[in-house]
Amino acid sequence: MAVITRYLEHATKGNGHAIDLTPDLARMLRETGLRHGACTVFVPGATGGLTTVEYEPGLLLDLQELWERLAPARATYHHDATWHDGNGHSHVRASLVGPSLTVPFVDGAFTLGTWQQVVFLDFDIRPRTRRLVLQFIGE
Amino acid sequence: MAVITRYLEHATKGNGHAIDLTPDLARMLRETGLRHGACTVFVPGATGGLTTVEYEPGLLLDLQELWERLAPARATYHHDATWHDGNGHSHVRASLVGPSLTVPFVDGAFTLGTWQQVVFLDFDIRPRTRRLVLQFIGE
Amino acid sequence: MAVITRYLEHATKGNGHAIDLTPDLARMLRETGLRHGACTVFVPGATGGLTTVEYEPGLLLDLQELWERLAPARATYHHDATWHDGNGHSHVRASLVGPSLTVPFVDGAFTLGTWQQVVFLDFDIRPRTRRLVLQFIGE
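Protein chains in written order, with our numbering: chain A, 406 to 544; chain B, 406 to 544; chain C, 406 to 544.
There's no promise every hint is true.
[Stated by the list, open to error] In silico SDA-like cross-links for lysine to any residue, where the CA-CA straight-line distance does not exceed 25 Å:
1) B/Lys418 x C/His483
2) C/Lys418 x B/Gly518
3) B/Lys418 x A/Lys418
4) C/Lys418 x C/Ile530
5) A/Lys418 x C/Gly518
6) A/Lys418 x B/Gly518
7) C/Lys418 x C/Pro449
[Stated by the list, open to error] Per the computed footprint, the stretches of chain A lying under chain B, defined by three or more beta-carbons under 8 Å from a beta-carbon of chain B, are:
8) 406-419
9) 478-488
Keep in mind the hints are simulated off the structure, nothing from the lab. Nothing here was measured: the structure is a model prediction, and the numbers come from that model. We put the beta carbon where it would ideally sit given N, CA and C, even for glycine.
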């Protein structure tokens with residue numbers, strides 16, 4: 406049994422930009438040499454989230470409309486009254502989705518469905534490079 | 406420390422059908438012989454979710470009404486414009502709930518509350534048999 | 406590799422009260438002596454949730470308004486018709502947020518962002534003392 410931690414950087418556009426992490430995850434799992442276990446993907450930061458989705462353009466739009474329906478960008482947020490950084494909606498969306506996702510792997514491959522991809526959602530309002538934590542525990 | 410992966414199949418009705426996995430989890434944990442650790446339950450597929458709930462008929466209806474309020478089945482989804490499979494709402498509900506749940510166990514029993522059950526939610530729109538991944542890491 | 410399980414008690418006010426668990430987590434991680442691994446925080450009970458947030462008063466209000474928008478306290482819930490305990494909204498909010506959060510640690514410190522705190526959300530409707538499970542797996 407081993408714990409192996411890796412980091413992954415992605416330039417994102419923010420505003421709900423969804424980045425498909427599946428190819429990175431597969432490559433990094435291969436590099437660990439582990440065969441059985443789980444990988445926890447974690448966003449260090451309170452304006453990003455992790456989930457899975459069938460990564461196709463229609464659904465990415467549907468997710469954007471979901472976030473807008475649940476926590477509209479133009480609503481008034483107390484966070485903005487305090488900090489005036491205009492990303493109150495980013496924070497509440499991120500807290501709702503959650504910053505952590507654990508995916509099992511078996512025989513060196515993730516147990517994802519064929520049309521299921523792991524996505525990082527950057528809810529913040531400006532482009533930047535975000536660093537994610539990938540932690541593999543297994544054998 | 407060991408990693409033990411098991412699979413579980415359930416026939417579901419879809420459309421938000423909530424299946425109580427708690428008895429299966431308890432039985433499978435017993436079969437592993439592990440005493441301390443955590444089990445990650447994972448849905449391979451982008452139209453299912455995992456969470457916990459007090460499994461009683463009233464709350465199962467309340468959850469259905471929640472999904473319908475957050476992502477109505479009759480709204481228009483871009484996913485359906487692309488694929489015409491009519492399950493855009495299934496996908497966004499599943500991404501919102503998330504496909505993964507990790508539950509600790511201690512002395513051979515899960516640390517669930519008395520009125521707290523682990524449920525698989527099948528948001529897709531047709532009955533079928535779904536396979537879930539149960540991965541135990543512990544000693 | 407070791408599995409170490411600890412418990413944490415907090416008196417909460419209920420009604421969405423958000424408690425910052427970050428200092429407890431840091432202290433308990435230190436006490437385990439583990440350097441690399443992950444901690445799963447789990448709520449035994451179907452009316453609590455776990456996520457991360459920038460823990461400042463404005464955002465705590467924004468989260469309260471989010472829960473109220475998604476699952477209003479004054480709406481009618483089937484759970485209440487059954488049990489008359491008036492906490493139907495607490496249950497559906499908790500199922501939506503989820504009872505489990507896994508956070509990696511590296512070199513004896515959690516991989517949280519600077520303005521990102523782990524919070525326990527007690528959605529139930531009365532003050533009480535809640536017990537949480539913290540399970541560390543690592544080396």
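Hint-by-hint comparison with the structure:
{"no.": "1", "hint": "B/Lys418 x C/His483", "in the structure": "holds (21 Å)"}
{"no.": "2", "hint": "C/Lys418 x B/Gly518", "in the structure": "holds (19 Å)"}
{"no.": "3", "hint": "B/Lys418 x A/Lys418", "in the structure": "violated (39 Å)"}
{"no.": "4", "hint": "C/Lys418 x C/Ile530", "in the structure": "holds (8 Å)"}
{"no.": "5", "hint": "A/Lys418 x C/Gly518", "in the structure": "holds (19 Å)"}
{"no.": "6", "hint": "A/Lys418 x B/Gly518", "in the structure": "violated (41 Å)"}
{"no.": "7", "hint": "C/Lys418 x C/Pro449", "in the structure": "holds (17 Å)"}
{"no.": "8", "hint": "406-419", "in the structure": "violated (count 1)"}
{"no.": "9", "hint": "478-488", "in the structure": "violated (count 0)"}
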